[in-house]
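A.B. asks: All chains, please: the whole structure from these sequences, using the hints.
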Amino acid sequence: MRVFIAGLCHESSTFSPIPTSRQSFIDFDHYRPIDGKIDETALVLNGYGRFAACAQAHGDEVFLSTYSFAQPSAPATKATYEGLRDEILNDLKAAGQFDAVLLFLHGAQMADGYDDCEGDLLSHVRGIVRTETFVGAVLDLHANVSDEMLEQADALVACRHYPHIDFNERAEHLYDIARHAIQSGTRPVMEFRRVPMLGMFYTTEPQMEKVNAQALALQQSDGVQSVSMIHGFAWADLPFIGAGVLVVRDADASDKADAIEELAQSFFSIRNETRSLRVDIGEALDQAEAYKNSGKTVVIADPCDNAGGGAPSDTMFIIREALDRGLTGYACGLVWDPVAVRMAFDLGEGARFPLRLGGKSGPASGEPLDVIGTVVAVRCNMSQLGIGYTHPIGDGALIEVAGNFIALSSVRGQVFSPTCFTDFDLDLGSLTGVIVKSSQHFYEQFAPLASKVLYCDTPGAMTLDFKADMFRRIPRPIWPIDPLENP
Amino acid sequence: MCERKSLFFANVMTETNSFSNIPTSRESFVAEGLAFGDDLLFEDGRERLGLIPVFDLARRMDWDLVGGVLASSAPAAPVQQRDYEELRDDLLARLKASAPFGAVILFLHGAMQSTLCRDCEGDILRRIRGVVGPNTPVGVVLDPHAHLTDDMVEAADICIFMKEYPHTDGGERLEEVIAVVADLARGSAPPVPVVLDCHTLGFFPTDRGPMTDFVAALQQAEQDEAIVSASFIHGFPWGDTPTTGAQLLVYARDAAGVAKAQKRAEDLRAQLWDLLDKAGPELISIETAIERARASEGAPIILADISDNPGGGAPSDSTFILRALLNAGVTETALGLLYDPVAVEMCHQVGIGGTLSLRLGGKMSPFSGEPIDCEAKVLGVAKEARMQVVDDVSFAMGDTACVDIKGIKVILSSQRKQMYAPSGFEHLGIDPAKQKLLVVKSSNHFRAFFADIAGDIWDVVTPGAINFDYAALPYRHLSAQRYPINLSADELCASLSGPRILYPSEMVQ
Chain A
307 MRVFIAGLCH ESSTFSPIPT SRQSFIDFDH YRPIDGKIDE TALVLNGYGR FAACAQAHGD
367 EVFLSTYSFA QPSAPATKAT YEGLRDEILN DLKAAGQFDA VLLFLHGAQM ADGYDDCEGD
427 LLSHVRGIVR TETFVGAVLD LHANVSDEML EQADALVACR HYPHIDFNER AEHLYDIARH
487 AIQSGTRPVM EFRRVPMLGM FYTTEPQMEK VNAQALALQQ SDGVQSVSMI HGFAWADLPF
547 IGAGVLVVRD ADASDKADAI EELAQSFFSI RNETRSLRVD IGEALDQAEA YKNSGKTVVI
607 ADPCDNAGGG APSDTMFIIR EALDRGLTGY ACGLVWDPVA VRMAFDLGEG ARFPLRLGGK
667 SGPASGEPLD VIGTVVAVRC NMSQLGIGYT HPIGDGALIE VAGNFIALSS VRGQVFSPTC
727 FTDFDLDLGS LTGVIVKSSQ HFYEQFAPLA SKVLYCDTPG AMTLDFKADM FRRIPRPIWP
787 IDPLENP
Chain B
3 MCERKSLFFA NVMTETNSFS NIPTSRESFV AEGLAFGDDL LFEDGRERLG LIPVFDLARR
63 MDWDLVGGVL ASSAPAAPVQ QRDYEELRDD LLARLKASAP FGAVILFLHG AMQSTLCRDC
123 EGDILRRIRG VVGPNTPVGV VLDPHAHLTD DMVEAADICI FMKEYPHTDG GERLEEVIAV
183 VADLARGSAP PVPVVLDCHT LGFFPTDRGP MTDFVAALQQ AEQDEAIVSA SFIHGFPWGD
243 TPTTGAQLLV YARDAAGVAK AQKRAEDLRA QLWDLLDKAG PELISIETAI ERARASEGAP
303 IILADISDNP GGGAPSDSTF ILRALLNAGV TETALGLLYD PVAVEMCHQV GIGGTLSLRL
363 GGKMSPFSGE PIDCEAKVLG VAKEARMQVV DDVSFAMGDT ACVDIKGIKV ILSSQRKQMY
423 APSGFEHLGI DPAKQKLLVV KSSNHFRAFF ADIAGDIWDV VTPGAINFDY AALPYRHLSA
483 QRYPINLSAD ELCASLSGPR ILYPSEMVQ
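Sequence lines, in order, name chains A and B. Per the working numbering: the first sequence = residues 307 to 793. Per the working numbering: the second sequence = residues 3 to 511.
Please note: incorrect hints may appear among the correct ones.
Said to hold, decoys possible - In silico lysine-lysine, DSSO-like type, Cα no more than 30 Å apart, as pairs:
(1) B:K385 with B:K436
(2) B:K408 with A:K384
(3) B:K379 with A:K773
These are calculated hints, taken from the structure and not from any lab test.
C.D. replies: Encoded structure:
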């Protein structure tokens, strides 16, 4: 079996103030193995590397094309997307015939002139390969699945968990589906049931955990190869936005409409679970104060300013309120502020100085915070590990303001790991609260350290209070903009 | 056996703005220019152009020219103490290693402060004197935006301040210092300094108005055989030190000339006081400027954003003028340089022709004002751009971008840099001569290079970091009486203080 492998991932937000260029991919991850051969670097790239490892294990022949990943932000420029796409397509044209093309994609990628980059890429791939070639892709569960994607791919498989801890597991799963298809000479059939809702659905919460278990049971039933709960990515103004249930089944099995319908109903019924976790700033701080001296810190997520969803990661709403109340023992990070980081490096550790923090990138950033702060620590070239990636932080600085700490970064990114703070020698156990700019990916590594995890709503870019006037092109009715009772 | 003597040269320059919130540390010197030893004397293996007179002196005297430290940083807050001490002690160590000493020649600013020292030049010069002893000639060229202190004058044999603002006469002043140092080395007695406090805070451009006459009067005084040098120290009102303010420093050739030097100083001070109300620029608000500009035609009107001049320690990202221009619907206007590395990077990402939502400026401090949220079109981008000032001088601006916002072209830079020359606009394809209005974040230096294309030049004041309302500045250390904050123009009279003769410490004994 001969397999072509490539990766191209970007979660594109219509509402993000942060532009996306080729440099945005180069700055995060843009890898091209020499002559398409497996090497050590390729093997550790999320999803894509696992495809390669599976090929090695099965003794299959592979060609590894490029792997490109950028931090979520606004749709990329046309030239950026087309350039990255064509690098893959040119390889595919030049590298001979393949039994399978396996792609590691996001599912919510847009670019100037392209609403549906994955649909576009898959249809170009189809145009190049033989009709019998198996084409499949692993997606982020925050995908907006288009008809084009469903038509062009033989199988689409999304990760099952949010935090996305299982990309490699799902890559292996898709590899097995591809092998089975090629060896049996059959092709699977996909069924997709849209669920008209916009939101976030944490798989760490009990109701969603049950829905996920139900999906897994269906996946393990006769004739079914794969079941993916598609959560959708709500910060995109698209006609094919929203959640759904995606089933890959044997072609000769009966359709799974009833089971899918049941799953869609279950999914829709828990739609408010994650949203209802959100508390306002005042309540989050009240609760954190109530847990003071519990020996562990309270983790306050700031999901509305999550760079991982295209937000700027430089709002100061929560820490401003803590300072206004005269509270101490809070840390907040990572605030993207290359200007203040540069000032902190200029100042050096120990210096006390007036600083303007955050609020740097657009209206969604809110007002900057003017403080007199002490530079506690500066660090060059930081990074953190999270959900299978090494995430660059750039240069970082920890600023102390009236007994609280603000961690600054020169590269925009969400918080995955406590090392964002502990690398500055800050002891999280000594804090009342740690405010993390992340929607949910922080959970895996922070939950074990927390006496309590709170999700705080702010006026940031990623509120779950979706309003009709944010969108022009989405299908209606859709929850929560419309008061739907049934999906 | 006679060991060859050294001619030690060093150049330490920063203008400290006590009210700035831009930090100054070793990093700031690294960014702007930090060199040691031969690196500050030679460029591409050749003697640096500006130092040829120093090389010539060394050759004439048969001395070895020794480079000490070259440290230059954009004006900003006091230098972090440890970084100042490191620079200073490095300079002193190199000086010690260069013994035996022929002479010391320095370029210093005169308004450098560290977080614990309000007179870095006095501190450096006293320590240099301590190393070289009383008989080695020490000569210094300084910037007139300085705080003159007794330590500086007592420790150096000659301090000569640039006379012109814009500072175009550093080379001439260096020649003068070299001449005095050469005389001293041949055994002449040191000139005798006379210092006269002018009790005045002010801003004194010399390229126009009555200050050009005042510079001529200084030069006239120097025609007198009894006078070696006459300097007017403008002072730097945004440095908070006990002596902040204008001063006169006149050197008599010898004790016999002191009375003449005193008389000259008093005459010059009287002349200065007479022209005070006419010396400074007319300062207008942005609203007045916009109103006046509506009536103008022809060559561009230049608005100097003097309150946000990075060359005076301001952030260079204030939005007061830009916001007023946008609100007034002004077009055919270009503005620069607005320091905003975040916006520059976004523009580079989008590329030429792209449009994007930008939050512009207001990034550094309350002096920056509020940021402006706008839709912008990228007209030009450049990597590691340099502003060509004259043939052999250019300044780094970092990455730059030009964006159009409702007909106003804004030049953004990733380094804080004063807009000295038209190349700051031209390098991104903007022809400054074709604008109706040009806004430059500079106080006065730009005049040297923009005058040719300007229909008129107006100085605009805003609530930026360089506040021209001196009475509103939060001085904590300034102890002397100063017009206009605690002396009125009528109270300026000779009885306030008289000329002081400062002898080097060993002559006093």
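A.B. asks: What's the verdict on K385 (chain B) and K436 (chain B), does the C-alpha distance respect the 30 Å limit or exceed it?
C.D. replies: Holds. K385 (chain B) to K436 (chain B) sits at ~25 Å (cutoff 30 Å).
A.B. asks: Starting from K408 (chain B), check that the Cα of K384 (chain A) is at most 30 Å away, please.
C.D. replies: 25 Å, holds
A.B. asks: Holds or violated: are the alpha carbons of K379 (chain B) and K773 (chain A) at most 30 Å from each other?
C.D. replies: 29 Å, holds
Checked against the numbered hints given earlier, this structure breaks none of them.
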